[in-house]
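Student: Below are the chains, spelled out letter by letter.
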Amino acid sequence: MNERGSRREFLRDLGVSAAALPFVLNLPSLAAGEPTRRKQRLIIMFSPNGVQVPTFWPDEVGDTFTLKESLKPLEPFQNRTLILNGVCDRVRGDGDSHMRGIGCLLTGIELFPGNVQGGSDTPAGWSSGISIDQEIKNFLQRDPATRTRFGSLEFGVMVPERADTWTRMSYSGPNKPVAPVDNPYQMFTRLYGRAKDQEHLASVLDELAEDLERVRTRVGAQDRQILDEQMALVRQLERDIQSDRGRDMGHAVPALEPGVRRDNDNMPRISKLQTDLLVSSFQADFARVATYQFTNSVGGARMRWLDINQGHHDLSHMPDSDTTSQEKLTRINKWYCEQLAYLAKRLAETPEPGGAGSLLDNTLIGWTNELGKGNSHTLNNIPFVLVGNGLGFRMGRSLKYPAVPHNRLLLSLAHGFGHRLEKFGNPDFCGAGPLNDLT
Amino acid sequence: MKFRPRFLALALLLSVAGVVSAQTSRGGKKLTGEQIYRQRCAACHGPQGEGSKQYGKPLTGDRSVGELARFIAQAMPPGPGRKCTGEDAQQVAQYLHGAFYSPVAQARLRPARIEVSHITVRQYRNLVADLVGSFRPATPWDERRGLRAEYFRSRRFQQRDRLLERVDPDVQFDWGTANPTGAEFDPHQFSIRWQGSVLVPDTGEYEFVVRTEHAARLWVNDLQQPVVDAWVKSGSDNEFRASLFLVGGRAYPVRLEFSKANQGVDDSGKLAGRPVKKAALRLDWRPPKRAAGPIPRHCLLPGTVSEGFVVTAAFPPDDRSMGYERSTTISKEWNDATTEAALETAGYVVEHLRDLSGAPEDAEDRPARLREFCRQFVSRAFRRPLTDDLARVYVERPFEGVSDPEAAVRRVVLGVLKSPRFLLRDLDGGAADGAETAVRLALSLWDSLPDAELTRAAAAGELATPDQVARQAERMAADPRARAKLRDFFLQWLKVDGAPELQKDPKRFPVFDPLVASDLRTSLELTLDEIVSNPDASFDRLWTDNRVFLNERLARLYGAKLPAGASFQAVDMEPEARSGVLTHPYVLASFAYADSSSPIHRGVLIARNMLGRLLRPPQQAFTPLSVELHPNLTTRERVQLQTGAKGCQTCHGLINPLGFTLERFDAIGRLRQAENGKPVDVSGAYQPSAGSAVRFADSRALAQYVVQSSEAHAAFAERLFQFLVNQPLRAFGPQAPAELSKAFEESKRNLRSLVVRSVTLAASERRPSLPQDSPVRAPSRAEVRRAPRQGEPMPMPNQ
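Top line first, the protein sequences correspond to chains X and D. Our numbering applies: residue 424 is where the first sequence begins, and numbers increase by one. Our numbering applies: residue 5 is where the second sequence begins, and numbers increase by one.
Simulated from the structure, these hints should not be mistaken for laboratory data. The reader is advised that the hints may include incorrect statements.
As the list claims (entries may be wrong) - Calculated cross-link-like contacts (lysine-lysine; reagent style DSSO-like; alpha-carbon spacing at most 30 Å):
(1) D:57 <-> X:599
(2) X:757 <-> X:695
(3) X:846 <-> X:757
(4) D:752 <-> D:682
(5) D:87 <-> D:57
(6) D:650 <-> X:599
(7) X:491 <-> X:619
(8) X:823 <-> X:846
(9) X:619 <-> D:336
(10) X:599 <-> D:336
(11) X:846 <-> X:768
(12) X:768 <-> X:757
Predicted model, so just to flag it, every value in this text is computed and none were measured.
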């Protein structure tokens, strides 16, 4: 296929008629009089250190396939799952595979030269381009019909407290990494701080009014005015809070389990808190795009709750022949897959506010990784497991592509939102446009 | 700079005719001044001089009886009819001067009183900062300046690689490929950590700028979270910025880390033999309304102070219609700002609860300890010991029925910071007890809370006599917060507190750029800093010292000789012309147009702020005569031409001759001998409210006059008092102005003792103690005491 060809050429080559265009490109229908466009959402979930080829990828291609051990948790959603094999990160340049793996994953473009030295290759800095989640967020925020309070939210779980190439996946522009929030309480404050504030404020107004009255009796008549003014403003505030309650966000402020510390062993609890918050934030329509980053590229979570005491990254270097380690790695990836399944379940059981179906009907989750395989550090066959019906992709399938650059998948995500980019990231890897056969 | 042209209106000129024709005498009986006034003046001016529909301006001012009589004889009543002249004019002038015209009469009519007002914005920010800060270790600083630096011969500050520790005056380094300490090692890799504090002069947004081609991190105030994290060097980004809102007169901890090395995986083993990269690092800032530049040495401290809490909520400006900050009404904007600030503070307190309360999250007795913390918090916020009654309302109730103690703390903080007991001041009129005396001292001197020592003294009954109060005031006046407040007073006295943006005509003053403007401001502030830190500084010195702080850039522009690269130092500048802060080039440049001086603006500054004269704002705006249209005239001549009319002269007769004395200084405050080829005329004159007119040969003579004028001294003392206390001086008794002036003179016009005397006067004022929080809805004693006495005139309209 002519990699440099335009999307139009590609379509012409396929012989697709103009009428089928929206379908192929997964554009929202342009039919006149459609009452409202459905809300569309995207979540990109990340876990590190590659996957175990034998226990991850289904053997079959097409709509009949068996989920292997790593992906078993997705069984309830198999008909809403799309597994893409053969998608490769072709971006090269400065930085080692882990750095490029995460830094180019959503940006599709090289890292800048810099001072961060990896385990091999030359030192590098931040990515030189915007990431696809931020690109789509900007697209949605431009249109008043799809604009939301935050546009996008960046969730994390146990992301190390250092900003470097290995810990950042989302970029708002060249050299502009976006830090994920891995503290659920911090995220809660960001989402619901205002509502909570109003609640607390409302709770002190009675005491305040009472004390104002007492102070008022103490001062002379000439000085009462200032107290009367304050009293009037307190009453006003009371009324304002009352009327704010009338137009809340369609659901109650979620109650968060208090006091969960940021600690390796608490990862399952943190993950649940973050997932619940993510679902609530979508329910409230605070954002239509989210990233969800577990640890970081080279992440070394110790999954003691699975009886695995080594760090994830160290284990991932073990050879294929080390079956004990491979078995552990499979369990680690299965645990991540369980997190994905829980997220999908929560979305599936949450009705779409003001619309039909569930949140999962209008959300696409893409689970990915910085590497194809941990012990080879390959950027080929980067896992992309998609769940949900947000972008109108034909789900319930397992696909194998002949080594297509992942930029084309990034383009497909944008097109899924009706954002018809012709190229994204390094144009050399966008040749044939969005991936065929997704819709 | 561009002024909106403001010329002064005619205070007394009437435009209304309708004169009551009257006779001076009826049946040979001589009329009194009052009778004449009723017959001929009251129709327009109102029976009490309050004005009427035809003429709304109240008849008040500070002219002497003689001046008034002369004016009346010339101009009153307006219109073609017979004027009120001679003995009649004298009579009526005397009457109205004593009845309502003069400031004294006004004071009598409307006795000044200590009014309940809300704290000022400055007080809000400082009170909250010190309230939260009172739960952290106190970290005073001394005169040492610069940052403490540690140098390491490896990339990550390892103790075994430490080369040396020293104090660096600032962070402006270009090491090139050299090694930063002179020690013998291969400078492929090194790291440096600077620690200390930054002392910020003004309140506002500070931008910090780190420039380097290597790894750097900067922390300001919050030492957990860097404001600049440039540890990853990427592409050609070499400049990193972060903005922070900070409160002036305070210090904030800073840390700067620098590492010349690749980060990530250690590659130091592979570096031998490779070319050494260059390295440089600069730490600059841009203070509010100032040009960006290196953080100067005098703003860096080698000691690390405690983190400070900063309220960033935007407040509406305080009411300054009285000439000082004082707000006796609450606007919606102010109320909203206090809500915002309360939420912000509550959030901060909860986030730092362990640090502030000392109660670990997992402590079993945490709820009890948090409750105790809250009691302390409420008591400190209300500036007095907590009664059981108040503890019930402000502490116990928020804790009731809340399972999460952090939520309870949040409610306590919100309740306290919205309470009138926190937001309002002078609820008790006078200082009823030692606690209130302490509050007044702290508000007046620091715009903040009493510190531990003051609270102790109050509790021990050691604030009972004026001498005891004065001793505390003396201690407190030496504190940096008091100095910062006094510095702000001088900026306001010189009317440059808004930090006007100085822009000059680039054709006439090509060298005058934003950097010069910023340096000039720094120069003035250094002068003021010197004055406020010196306990012996006097009012006289403000008018006579001709030293100006200059750096190399300013020296070049103002014709002084300083070595290349010289930083700010006091320079004896043009003793034949300069005399005191009024002749500081920044002040002169601020009171000037972009291309020419402005004797009117300078004159108004002197008349209003320095001599304490009341001038009404102009009724109408005038555009100054253009220089181009009058190429042969000097500025003085142009001003005379434009304001020569008799009507203008009512005010400009006072203003111009004061401003003219500064005509030797051009639009950037540089000395000049001639203008448009003509020698400048710097003679001037002044007619004080009492006594005979004075003539001045130049501004130095004016300064000499001010140094001797008791009228000017009294005006200065009153102004300073009111700035500090936020209440009218006369509210502290009819004798208060005279007492304060006397004390000022007796101290040979020492500034520190005027400050001490002022706050002592305000804080010692005793009113009968009031019932505290009586729940009974009966008129309190305060109410009874304050009700207007029978026959007492009601306040005049328009006042």
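Student: Work down the list of hints and note, for each, if the structure agrees.
Tutor: Going through the hints against the structure:
Using a Cα cut-off of 30 Å, the hinted pair residue 57 (chain D) and residue 599 (chain X) is violated, with the two alpha carbons roughly 65 Å apart. A hinted pair counts as satisfied when its Cα atoms are at most 30 Å apart, and residue 757 (chain X) with residue 695 (chain X) qualifies at roughly 16 Å. Simply put, residue 846 (chain X) and residue 757 (chain X) have alpha-carbon atoms about 34 Å apart, too far for the 30 Å limit, and the pair is violated. In summary, the hint linking residue 752 (chain D) to residue 682 (chain D) is not supported, as the alpha carbons are separated by about 41 Å, beyond the 30 Å threshold.
Straight-line distance between C-alpha atoms of residue 87 (chain D) and residue 57 (chain D) comes to about 22 Å, which keeps the hinted pair within the 30 Å bound. Simply put, residue 650 (chain D) and residue 599 (chain X) have alpha-carbon atoms about 67 Å apart, too far for the 30 Å limit, and the pair is violated. For a cut-off of 30 Å, the pair hint linking residue 491 (chain X) to residue 619 (chain X) is broken: about 44 Å separates their Cα positions. For the hint pairing residue 823 (chain X) with residue 846 (chain X), the CA-to-CA distance comes to about 22 Å; that is within 30 Å, so the pair holds.
Using a Cα cut-off of 30 Å, the hinted pair residue 619 (chain X) and residue 336 (chain D) holds, with the two alpha carbons roughly 22 Å apart. Distance hint between residue 599 (chain X) and residue 336 (chain D) is unfulfilled; the C-alpha atoms sit about 39 Å from each other, more than 30 Å. Proposed proximity of residue 846 (chain X) and residue 768 (chain X) is contradicted: the alpha carbons are some 34 Å apart, above 30 Å. Under the criterion of a C-alpha separation no larger than 30 Å, the hint pairing residue 768 (chain X) with residue 757 (chain X) is consistent with the structure, at around 16 Å.
Checked against the numbered hints given earlier, this structure breaks hints 1, 3, 4, 6, 7, 10 and 11; the rest are met.
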